[in-house]
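Engineer: Chain residues, written in single-letter form:
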Amino acid sequence: MKRVAYLRGWLAVAAASIAVLLAACAPSEKGVVTLRFWAMGREGEVVRELLADFERSHPGIRVDVQQLPWTAAQEKLLTSFAGDVTPDLCQLGNTWISQFAALGALAPLQERAARFRTVPAADYFDGIWASNRIGNNVYGIPWYVDTRLIFYRRDLLAGAGFDHAPRDWLEWTRMMAALKRRSPDNYGVLLPLNEFEPLLALALQQDTPLLRDGDRYGNFRSPAFRRTLQFYIDIFRQGWAPRVTATQISNVWDEFGKGYFSFYITGPWNIGEFKRRLPANKQDIWMTAPLPGPGGPGASSAGGASLVVFEHSKHKEEAWEVIEYLSQPAVQLRFYAMTGNLPPRRSAWADDRLAHDPYAAAFRDQLERAKSPPKVPEWERIATEMRLVTEALVAGQLTLDQAVTELDARADRILEKRRWMLARQDGGKP
Amino acid sequence: MNTPRAAWLLAGPALAVILLFFFLPVCAALALSLTDFDLYALASLKNLRFVGLDNYLQLLRTPLFWKALANTFIFVVVGVPLSIAASLGAALLINSKLAWFKPMFRTVFFAPVVTSMVAVAVIWRYLYHTRYGVINYVLDSLGLQPLDWLGDPRFAMPAIILFAVWKNFGYNMIIFLAGLQCIPSDLYEAAELDGARRFAMLRHITLPALAPTMFMVSLLTMTGYFQLFAEPYVMTQGGPLQSTVSVLYFMYEQGFKWWNLGRATAVAFVLFVLMFGVTLLQLRFAGRGLEE
Amino acid sequence: MSLRSNTWSARGSINALLVVGGIAAVFPLLWMLAVSFMAPGEASHFPPPLLPKSPTLANYRTLFADAGIGRYFINSLLLATGATLLSLAFNVGAGYAFAKLHFRGREKLFRMLLGALVIPGQVAMLPLFLMLKQMGLVNSFVGVLIPSAASIFGIFLVRQYALTIPDALLEAARLDGAGELRIFRSIVLPLLGPILVTLALFSFLGSWNDFMWPLIVLTDKDLYTLPVAIASLSSEHVQDNEMMMAGSVLTIVPVLLIFLGLQRYYLQGLTMGSVK
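Chains as they are written, first to last, in the numbering used here: chain A, 1 to 430; chain B, 1001 to 1292; chain C, 2001 to 2276.
Hints listed in this document are in silico derivations from the structure and should not be mistaken for laboratory results.
All residues carry an ideal CB built from backbone N, CA and C; glycine is no exception.
Hints are supplied without guarantee of correctness; some may be wrong.
Below are the EDC-like pairs computed for lysine to aspartate or glutamate, each with C-alpha atoms no more than 16 Å apart in a straight line [as the list claims (entries may be wrong)]:
hint, chain 1, residue 1, chain 2, residue 2
1, C, Lys2133, A, Asp84
2, B, Lys1257, A, Glu380
3, A, Lys76, C, Glu2236
Partial chain B-side listing against chain C, Cβ under 8 Å, derived [unchecked claim]:
hint, residue
4, Ala1264
5, Leu1274
6, Phe1276
Go ahead and model the full structure; you've got the sequences and the hints to work with.
Structural biologist: Here it is in structure tokens:
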């Protein structure tokens, strides 16, 4: 009997606590709209501060920022979409936009962007704005940008008799050959075997796209891509790049400082990192320069993150106001000061802080030639295959012909479902 | 109220929950494994196609799947005997008449079992730290070579095996203890009078008497170890170089990272069939053993 | 050979082994406790320190103030309590029915349930998630609790124990004219006392330590349970080991204390569950 009474007591306590919990879970004040905003990494930490001002000027809107670690972000976003519990707006890497747009998860924004003069498409770098456009719709407003170019040791180049950074592939090869002659134990450039970004940036410099037929098939057997891959593999064959992965280099900044390699293809976050990690007496030996292309300064990948609104959000207007606020050049410059992330708007670059920064100048130039990779949801998988096949090519397990054929075969296989869906669309609807 | 009706009233709710939230999803999983359910299908069911056994065939052609199988097998083949040996050893020690503070040691050995996997994985991740970890410090002071436990593909799986054995040996130890306590002490006394030494007693009395318990423990442990997931998820994310990707971890990635539900459910069923097969094998093996 | 000296050296080696084993078993937990009281960064030294130089509560303060771990603690508590109540509500009746009440197909059904134990739970997870989405239960506590409201192991546990209830007792009550439900409530339940505590313990611990399912179902940070929060924190704060240890302490110590207090029931349930 005692135990039954005990259980009944338990039940009462539990019922009470569940009631309390349910009450706590519904904190809606009248008239105040609470937006759920998911942001990643450092941006997630910093954006709360930026939004404090926004909330002051918009008393009816409260923004609840939830920070996600980058490693779990894509997973959590897809899961929330699968479970129908997406946030109102979020920060999205621009290479993920095609994936979420294909799911119908994102709300198209071009109408609002056209209506409000505060987000003029013309002020944004063309390639960056284009990376958010799928078909006739724009699904994200760029928040910050990222592109790849060369960081180089100008003292080592000067020692080899060059007073400027290479402007095209030919000059680049000459420089790497000269550097190798002077210092046979070191290398010209670091091209980590476990990253596809450097090869992608070089591949995007060609005019021919990487996928063909409306992105239905791989186009890796095209002469243009062959030329890029030939250039890439020659660098290894000539001994100008070490055959290593990024993890095998224990500390990339140390090695750069020691001259293990003189060129490094990387992005804007490394400006801060190099400043921080290289000793003071080594701060004037490095510089940035636009990525050399086949016939002059070339294109590079258009990366970065955008702000998107989810289709299922019930507060799209309010979410748009947050995006507007964060897109103001003044706010973007504050953001840059806090995180080092480069603004996507030309007007923001006119500011002193960026206009006179010697390292950022190369990025300003490169951003005018930024191109996005194919905007299909399967692109990340194809890019991974690209890396794996290239790794085998560098290891000597494949010839160039075999590599491009294999790459096309894998890409075609990955795109099979896309072809089926497109065929159905074309066949079913006029 | 007659008995059968009362029985259904008492058991009905539980059976309904199990039916609805376990058996139904399992059948749905089987059905899903015959389709190419992926992100597109998530957006709209019209994008779903029936593909028959294609997922399974594709799986056989996926190198990472075979690697996951190999990793899981290594974990089972090395981990299960190790775990059983540790549990049996601990049980024998505690059961010995010469041991002191038995209840305390029993609790101490069992404590790791009730801890949360995530919380202790965080601890062990730091214990395995190459420079500041206690394990490498101990190795170093014993004059042995410190290892890059979680960064070297050769040592990551052994690191996880060690961790898993630590976490779970207490569980089987309790079961062995119960089995040991069932052995009548006159058997030992008679053997002692006959001049038998301790090892002989172990071999000829204890182990044979424990045979059924041993069988059950190995079955349970093997089934549990096939389902390796939390340890690689928290400690190594399947790395380094995919040396700790287990079958379930592979399924989790396919299912919840890439949303290839067709593929993921196919993996789950392959695992189930595997475990079923191994269990049947063990049952037959034990059946023959018992007949002898 | 002198039996006495043999016994003493044997005694020594056995207890020495026990001590070594005990240290190996419990050292990680003690170290976790020690590091949680160290100043941030103190543990990242070679040789690794075993005790804090001057114990501080700084890590716990950070966890409660900045990481809001109090919220996750309460979430875990609520969920574990809910899981325990549900488990008791669903499994006890079923266990008794399978043990003592005869109905058609009872043995066959029970064997089927036992066989289903071989199926790894993860097989059901993906379709279950989609099912919950249809019901609008993703990202909710109910969604986390529902699938484990009834468990085959729980039913098995109760059944094994219920088998020990003397049939004569039940028959006598039936002859007296008592209905089955009445018998269950007034006679059986009190007798099942110990196994109820065991079941409650298993359910509470199981829910408190559960990781994968809450990880998948809960997307809002405010609803995270302790294990999910710890996993999320550990990927963000890879360098803050002292703080992570404090988080582990908060996750482990409550259940360890409960276990220490109610050991008897837990271990008894274990052995019972393993006897076929």
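Engineer: All hints, please: hold or fail.
Structural biologist: Cross-check of the supplied hints:
{"no.": "1", "hint": "Lys2133/C with Asp84/A", "result": "holds (7 Å)"}
{"no.": "2", "hint": "Lys1257/B with Glu380/A", "result": "holds (13 Å)"}
{"no.": "3", "hint": "Lys76/A with Glu2236/C", "result": "holds (15 Å)"}
{"no.": "4", "hint": "Ala1264", "result": "holds (6 Å)"}
{"no.": "5", "hint": "Leu1274", "result": "violated (10 Å)"}
{"no.": "6", "hint": "Phe1276", "result": "holds (6 Å)"}
Violated hint for the displayed structure: number 5, the only one.
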